[in-house]
Amino acid sequence: MQPPDASATTVEPAAPLAKPRVAGRARPLDILLRFGMVWVLIALVICADLVSPGFFEIGNLRNILTQNAPVGLVAVGMTFVIIAGGFDLSVASIAAAGGVLFASFAGHVSIPVAVAGALMAGLVAGAVNGILITRLRVNDFVTTLGTSSVFSGFAYLYSNSQPIVQNKPGFDFLGVGEIAGVPVSILVLAAAFALGGLVLAKSVYGRSIYAIGGNVEAARLSGIRVDLIRATTYLLTGLTAVAAGMILASQTGVGQANVGANITLDSIAVVIIGGTSLLGGEGAMWRTAVGLLILATINNVFDALALDTAIQEIVKGAIVIGAVGLDSLTRSRRA
Amino acid sequence: MPGLRQEADNTVEHGDAGAAVAFEGVAKAFGAVRAVSDLDLRIEVGKVHALVGENGAGKSTCLGMLAGRIAPTSGTVRVFGEELRHGDPRAARAAGVVAIYQELTIVPHLSAQANVFLGMPKARRGWLDEREMRRRYEGVCSQLGVQAAPASVPAGSLSVAEQQLLEVMRALIAEARIILFDEPTASLGMHERAAMLRLIDDLRGRGITVAFVSHNLDEVLGVADTISVFRNGRLAATRAAGEWTKAQLVQQMLGHDSSDRLAEEMLEDSTRRPRRRGGASLIRVEGLTVPGCVDDVGFELKKGEVVGIGGLVGSGRTTVLRALAGLEPRAVGRLWVEGEERAWPRSVRLARAYGIALLPEDRKGEGLALQMSAMENVTMASWPASARAGLLSRRRTVARATAAATAFGFDPDRIGEVAGNLSGGNQQKLLLARWRCARPKVLLADEPTRGIDIGAKHEIIDALDRMAGEGLGIVVVSSELEEVATLSDHVVVLAEGRVAGSIDREEEEVTMSAILHTAFEVEEAHAAA
Chain A
165 MQPPDASATT VEPAAPLAKP RVAGRARPLD ILLRFGMVWV LIALVICADL VSPGFFEIGN
225 LRNILTQNAP VGLVAVGMTF VIIAGGFDLS VASIAAAGGV LFASFAGHVS IPVAVAGALM
285 AGLVAGAVNG ILITRLRVND FVTTLGTSSV FSGFAYLYSN SQPIVQNKPG FDFLGVGEIA
345 GVPVSILVLA AAFALGGLVL AKSVYGRSIY AIGGNVEAAR LSGIRVDLIR ATTYLLTGLT
405 AVAAGMILAS QTGVGQANVG ANITLDSIAV VIIGGTSLLG GEGAMWRTAV GLLILATINN
465 VFDALALDTA IQEIVKGAIV IGAVGLDSLT RSRRA
Chain B
37 MPGLRQEADN TVEHGDAGAA VAFEGVAKAF GAVRAVSDLD LRIEVGKVHA LVGENGAGKS
97 TCLGMLAGRI APTSGTVRVF GEELRHGDPR AARAAGVVAI YQELTIVPHL SAQANVFLGM
157 PKARRGWLDE REMRRRYEGV CSQLGVQAAP ASVPAGSLSV AEQQLLEVMR ALIAEARIIL
217 FDEPTASLGM HERAAMLRLI DDLRGRGITV AFVSHNLDEV LGVADTISVF RNGRLAATRA
277 AGEWTKAQLV QQMLGHDSSD RLAEEMLEDS TRRPRRRGGA SLIRVEGLTV PGCVDDVGFE
337 LKKGEVVGIG GLVGSGRTTV LRALAGLEPR AVGRLWVEGE ERAWPRSVRL ARAYGIALLP
397 EDRKGEGLAL QMSAMENVTM ASWPASARAG LLSRRRTVAR ATAAATAFGF DPDRIGEVAG
457 NLSGGNQQKL LLARWRCARP KVLLADEPTR GIDIGAKHEI IDALDRMAGE GLGIVVVSSE
517 LEEVATLSDH VVVLAEGRVA GSIDREEEEV TMSAILHTAF EVEEAHAAA
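Going line by line, the protein sequences match chains A and B.
Just so we're aligned, residue 165 is where the first sequence starts under the numbering used here, counting upward by one.
Just so we're aligned, residue 37 is where the second sequence starts under the numbering used here, counting upward by one.
Simulated from the structure, these hints should not be mistaken for laboratory data.
Accuracy of the hints is not assured; some may be wrong.
[Claimed, not checked] A short, non-exhaustive set of chain B residues, derived as facing chain A with CB atoms under 10 Å: (1) V143; (2) G334; (3) W380; (4) R424.
[As the list claims (entries may be wrong)] From the structure, some residues in chain A lie toward chain B, with a derived Cβ separation under 10 Å: (5) L287; (6) V288; (7) T298; (8) R301; (9) K332; (10) K366; (11) S372; (12) A382; (13) S386; (14) G486.
By construction, the Cβ of each residue, glycine as well, lies at the ideal position given by its N, Cα and C atoms.
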């Protein structure tokens with residue numbers, strides 16, 4: 165291309181780009197809806213403080229976060245997958261297998277090596293998902309439904325369906341250890357959110373993920389490596405799922421193939437409640453954080469009030485549907 | 037680019053030194069269909085090269101192969117002498133080729149700026165450098181002499197023209213040496229069309245080679261240096277633009293086997309049809325308002341009459357049709373159906389109950405079930421009539437579909453074919469046939485000939501004319517003002533969502549210039565204010 169030569173030709177404005185338009189203006193209601201879930205969280209927290217007076221105590225806040233660290237971690241990976249327009253149903257199985265492997269490895273090698281080994285297994289599981297989805301072009305829903313069963317079966321086989329008890333010193337560091345008075349699991353969770361949020365919002369990789377989820381054909385034709393990037397998002401869920409499984413195992417001192425079955429639906433629920441679109445291309449890491457806090461607050465208040473967990477499930481389901489309903493409502497308003 | 041000419045010397049045996057693009061014996065088959073065969077074509081450096089031809093003639097496939105979107109079945113594509121890897125958009129882009137497709141490759145939720153840098157963001161060690169991107173964004177805006185859209189606005193909220201401009205900016209930032217346009221002006225209004233053509237001219241001034249596909253022969257003759265005509269998947273002729281006339285182009289596009297009569301007819305400014313006598317009132321609309329789009333629109337449609345809705349793109353034409361078809365839940369207005377006032381239809385079922393049917397603009401998206409057969413598509417709106425005791429009868433379906441479709445010149449032997457495999461013209465005939473089966477009183481035709489080749493266009497226009505003659509009321513919207521002028525007995529001209537004026541054949545001749553004049557009067561009055 166030739167260097168821009170301003171004097172060569174005087175070009176008339178090609179199109180009125182900055183023409184004021186009637187429809188595109190931000191209205192107060194739109195702003196209200198855009199941050200809808202933040203208002204919901206604030207309202208929930210206020211209610212929580214009213215109905216269970218101990219809510220804001222440090223001990224309770226710590227509880228909320230450590231209990232929800234596994235789901236929160238997986239939700240970080242899930243945010244990448246969902247914004248890229250994908251879906252991962254295998255995370256609970258990967259988490260369970262990760263916990264089993266971590267407990268087993270810790271019996272043979274040092275804790276850091278066991279952590280690394282389990283994380284490697286998570287990458288392998290993610291790679292299997294990614295390759296099946298992008299190379300064999302099996303639908304993501306079907307792929308992860310299938311691998312979920314496969315990974316879970318593998319965890320049962322590996323552990324002979326028995327809990328692997330691990331008393332080695334240091335095994336509980338991830339789950340109940342503290343650094344400077346802050347639980348390690350909370351630090352891991354915070355680091356995952358901070359790093360994930362930064363990568364999603366500010367990196368080339370993150371921008372590519374939005375492009376793929378928003379318009380896959382446009383991304384492909386602009387030279388973005390669509391398949392490669394989609395596949396890597398499953399590495400992220402594999403990695404975060406294993407991390408979640410390790411925290412669970414570390415908290416209980418046991419690696420078990422039958423734990424954490426709620427992780428899949430809860431992590432997806434957290435992403436959706438925050439307002440990230442299931443259709444892909446739209447969303448943010450802070451939204452997932454808001455979704456996690458909403459779900460965690462509800463669980464905490466219900467526990468404090470000693471309400472039936474069945475009622476929790478009903479409320480959780482209603483909130484997921486409400487969040488998606490709100491999402492499509494704002495969508496149709498904008499259209 | 038003298039340097040490249042030198043480098044290309046070692047490929048002289050291919051005879052392509054100096055050509056920006058050279059197709060050498062290229063062929064592309066989609067299954068059994070040969071989209072392009074024996075293509076040898078050179079595109080010279082720094083020239084604007086137009087590709088014209090009927091739909092399915094192979095011109096878009098040709099661009100697609102150059103852009104790496106489509107992999108040729110055989111042959112070689114060279115860009116500046118270098119052989120291009122087949123079917124690899126990244127390789128094409130690395131060679132300096134950027135394509136701007138008719139279906140724009142915009143990511144709606146990303147900002148205007150992010151879209152311009154899609155796939156090639158400015159970054160340091162993997163982290164986006166937004167400030168540098170903003171600087172380049174504004175640089176390209178001033179280079180093109182356009183006002184910058186606020187870089188942070190989601191691209192999906194911009195107009196089609198603005199989105200297209202983002203793609204051109206993307207090409208400039210990619211330092212494209214060859215820019216391909218597929219129908220660059222098809223979805224633009226009058227002003228925007230002219231601006232787009234100026235932009236192409238400006239790109240040529242910067243030494244960029246431009247290849248474009250267009251249906252609009254006047255535009256092609258106006259802006260191109262060289263014009264190639266495609267026919268039936270083959271290159272029919274390539275000549276300098278000055279050596280073509282519009283008549284010759286049409287002749288070449290249609291080939292020798294088609295009659296001269298058709299070519300002449302197409303060239304006539306508009307074919308005058310006898311004025312129809314409007315019968316009883318079919319529908320009367322008053323005060324139709326769709327917030328943000330249409331404001332206080334009214335008109336009356338009589339039996340056997342065609343009402344055209346004229347105006348520029350974005351004037352609310354399509355919204356009026358969609359509101360009548362029950363697709364705009366926010367529409368308010370008063371509607372009389374055969375003299376009786378009825379509630380405004382806010383659902384398709386209600387609109388159909390009034391006898392109103394829509395021929396949608398987006399045939400593939402809103403019109404056809406592409407995987408189903410032609411006959412099933414034809415009978416879709418009236419399945420109960422082809423059923424016995426609730427079970428669909430194949431014999432009846434075939435009979436009804438064939439009867440309806442052949443009335444529009446559809447080949448009865450293809451009635452069992454999958455709708456997605458048919459050409460645009462044949463697909464439109466299926467949709468017309470669908471409403472013939474369902475017998476509505478009012479047909480709303482939105483861009484009835486968009487993306488349809490010249491021969492079939494004529495058949496569709498004739499079909500609409502004939503249906504009006506049989507007593508159907510038709511409301512037609514088209515970007516081809518010639519069509520509106522040709523068909524309509526009465527034209528309502530919209531501008532910015534309001535009625536700017538109306539033209540009645542009883543009082544004056546309905547012409548393109550009358551429609552444009554009315555539409556622009558309002559715009560200019562606004563611009564002056």
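Hint check results:
1. V143: With Cβ-Cβ at 4 Å, under 10 Å, it holds.
2. G334: Result: violated, 21 Å to nearest chain A Cβ.
3. W380: The hint is violated - B:W380 has no Cβ within 10 Å of chain A, the shortest such distance being about 19 Å.
4. R424: Since chain A brings no Cβ nearer than about 38 Å to B:R424, farther than 10 Å, the hint is violated.
5. L287: violated (19 Å)
6. V288: Cβ of A:V288 sits 24 Å from chain B, so the hint is violated.
7. T298: Because about 16 Å separates A:T298 from the closest Cβ in chain B, which is outside the 10 Å limit, the hint is violated.
8. R301: With a minimum Cβ separation of about 16 Å from chain B (threshold 10 Å), the hint on A:R301 is violated.
9. K332: Since the shortest Cβ distance to chain B is 38 Å, the answer is violated.
10. K366: holds (5 Å)
11. S372: It holds, given that the least Cβ distance between A:S372 and chain B is near 8 Å, below 10 Å.
12. A382: Nearest chain B Cβ about 3 Å off; hint holds.
13. S386: The hint holds - A:S386 has a Cβ within 10 Å of chain B, the shortest such distance being about 3 Å.
14. G486: Constraint on A:G486 not satisfied, violated at 22 Å.
Violated hints, listed in ascending order, are 2, 3, 4, 5, 6, 7, 8, 9, 14; each of the other numbered hints is respected by the structure.
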